[in-house]
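J.: Here are the chains, one letter per residue:
Number of protein chains: 2
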Amino acid sequence: MSTASTSSLLPAQGPVPGFHAVVPAGGAGTRLWPLSRAGHPKFLHDLTGSGRTLLQATVDRLVPLVGDDGVLVVTGHRHADAVAAQVPALLDGPDGAPRRLLAEPSPRDSMAAIGLAAAVLLERHGEDVVLGSFAADHVISGTEAFERAVREAVVAARAGYVVTVGIRATGPSTAFGYVRSGEPLGLADAPSARHVRGFTEKPDEETATAYLATGEYRWNAGMFVVRARVLLDHLAAQIPTLAAGLSEIAAAWDGPDRDAVLERVWPTLTRIAIDHAIAEPVAAAGGVAVVPGDFTWDDVGDFESLGGLLTSPTLGDDTTVLRVDAPDALVVASGGRTVTVVGLADAVVVDTPDAVLVTTRAHAQSVKSAVDGWRERGRDDLL
Amino acid sequence: MSTASTSSLLPAQGPVPGFHAVVPAGGAGTRLWPLSRAGHPKFLHDLTGSGRTLLQATVDRLVPLVGDDGVLVVTGHRHADAVAAQVPALLDGPDGAPRRLLAEPSPRDSMAAIGLAAAVLLERHGEDVVLGSFAADHVISGTEAFERAVREAVVAARAGYVVTVGIRATGPSTAFGYVRSGEPLGLADAPSARHVRGFTEKPDEETATAYLATGEYRWNAGMFVVRARVLLDHLAAQIPTLAAGLSEIAAAWDGPDRDAVLERVWPTLTRIAIDHAIAEPVAAAGGVAVVPGDFTWDDVGDFESLGGLLTSPTLGDDTTVLRVDAPDALVVASGGRTVTVVGLADAVVVDTPDAVLVTTRAHAQSVKSAVDGWRERGRDDLL
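Respectively, the protein sequence lines represent chains P and C. So that you can map any letter, position 98 of the first sequence is 217 in my numbering, and since no number is skipped, the others follow by simple counting. So that you can map any letter, position 45 of the second sequence is 164 in my numbering, and since no number is skipped, the others follow by simple counting.
Source of the hints: derived by calculation from the structure; they are not laboratory data. Incorrect hints may appear among the rest.
[Said to hold, decoys possible] Output of the computed footprint for chain P on chain C, the stretches with three or more beta carbons under 8 Å from beta carbons of chain P:
#1 464 to 470
#2 476 to 485
[Claimed, not checked] Partial list, computed: chain P residues near chain C (C-beta under 8 Å):
#3 V443
#4 V460
#5 A466
#6 T479
Computed from a prediction, not measured in an experiment: that's the story for all the values here. C-beta: ideal position from N, C-alpha, C; glycine also.
Just chain P, with the same shape it has in the complex:
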């Protein structure tokens, strides 16, 4: 197959042939503590009250694009059982083996996670496989716009680009990084796709406002669509030892030597985020493209963000919550007790069986300090 045949491979509806979704399920969600814990992180929670956890909702969103057997989840060893319990379809190997659930022996950051998935997909599905990486703990609404963006991204990926989705900003957020677009790629089947001129870290508000005024900037949601081969070739050029290590592990993954190779090679892998390893240097060389994503997206990074997503200010059983002169106080009622808030309009109260957190939406970013504080006191049991 060649990229010349892409348009015939892209039905407007239904799974995209040769396209696989990779869902890295990691990150402790520290700023959502004590709801999110190291042992039961954010992606395992139903944070929207939809009845589906963030991980399940992510898989649900991707199946229409990749088919029933097209989602691969990469997670830490300690979360593998919980992931399997939430998405049993991943256990589709012989005797229910977790063929589409890759368990990392230890956290090595996002490049190792996504690179491992890319290398395993390459082994299993051949040179033309395209992968799309979508975090397990983001919230999206607007399925149609999401699918449209991803379908365009696949076209651009087949043309050889590392493709990201640029989310339409609803305001000058200081909580997200930005992607700056340049000239159109000029692909017939991906008319919105443009070159990426660069990525920026979280800006201050003034800078963010200036970004939006140019019309060139969108939020970087950390979604990447790319041919597995292209990704691994870029990685081989940037960090050869990491690419070689991942390829060696992937070659052994579906055979009898997986554990031995993992044990030997995994601890040697470079810890680096995919943004730093690939997106930024390749963008500087002109190899990254962006497609616009005009859907609602949030990384649910903290309680302010969570509050903005909920249709009710209670996450949990609202009959256990009483508000007096505090109609919008955000209450996470997961402790099995009653919660009463009097006169604190901006309050955030998170009730869990062993820890209660009280803060305000304005202090949402400071919750990380609470986690640090308990760690300093040696209370790792709470983290």
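Knowing the structure of chain P, use the given hints to seat chain C on it.
T.: For chain C alone, coordinates are given in the frame of chain P:
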């Protein structure tokens, strides 16, 4: 005995002969919910972290004035066992009967409670008995000044007055009622005692400030010292049926007919506070005196008041509390869990096994609304 012999009856140290303390232990402490509950009210709690409950501290404070067997507690039937467990010395009747613990079949307000105690003391100790009534749920520091005030009050009581203690105001509080003093009584052994010109309800701040500017006003702490006979004679003049009912019950109290008489008469008693039944009308007729109390007093009416009493902002195990940018947040840690407060300097967090309350010191008076709210929802189990 006559009042002419009072000075010889008043040693400057040691118990005052013929003087008995009455401790009405009632009131739900609604504004201290969910720490204080109807089933386990304020007076049963150690609210100061002293190791003694408010009831125990009240008894401790009175024993030096009345002797080991001079304290009588009046409480509701449902709290009698808890009171006895906290103050076992009250069970000094035959076979450990609760001779000094009077259990009311149902709440009939403070006049019935104190009047019953007065009538029982009159039966047991005769016409010259003087009683002092001190609430079970107030906090006092300054033992010497307290004792000095009470000893003066007893002198004035023996001279026939209903005597209250006027607390030196530390500011124009709007949370307390005030007592206004007039001319000195002119008693040699009670040189500070003055006539009372009147009582006022809780004023607004402007009024309170004006009160203090006159030098005539002090806080009314609801303490009354009076001869039992004088109290009951005033009551007979004001509300004859109530006085007669109490006397009938008291006559039967230490005999076999107590329960039968209680069952018949108690429900007929007028519900009224002693302030309205006695203090206000008798003051208007010139029969009330005040002695100054230059000690620290608080009725611990709400969490703002509680916060002001504590030397640490944690009531409970401080190792279970973490504050981030909230050094003075008041935390009541009685839920067996950890409490974390981030960025809310004014916060009040009360953690109990079945209810957590989050408010601010500024909203301390509104906590009552929370209790009302849960009652409206039928959650009497929380109250």
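J.: Work down the list of hints and note, for each, if the structure agrees.
T.: Comparing the hints with the structure gives:
| no. | hint | result |
| --- | --- | --- |
| 1 | 464 to 470 | holds (count 3) |
| 2 | 476 to 485 | holds (count 7) |
| 3 | V443 | 5 Å, holds |
| 4 | V460 | 5 Å, holds |
| 5 | A466 | 6 Å, holds |
| 6 | T479 | 6 Å, holds |
Consistency with the previously given hints is maintained throughout, with no hint failing.
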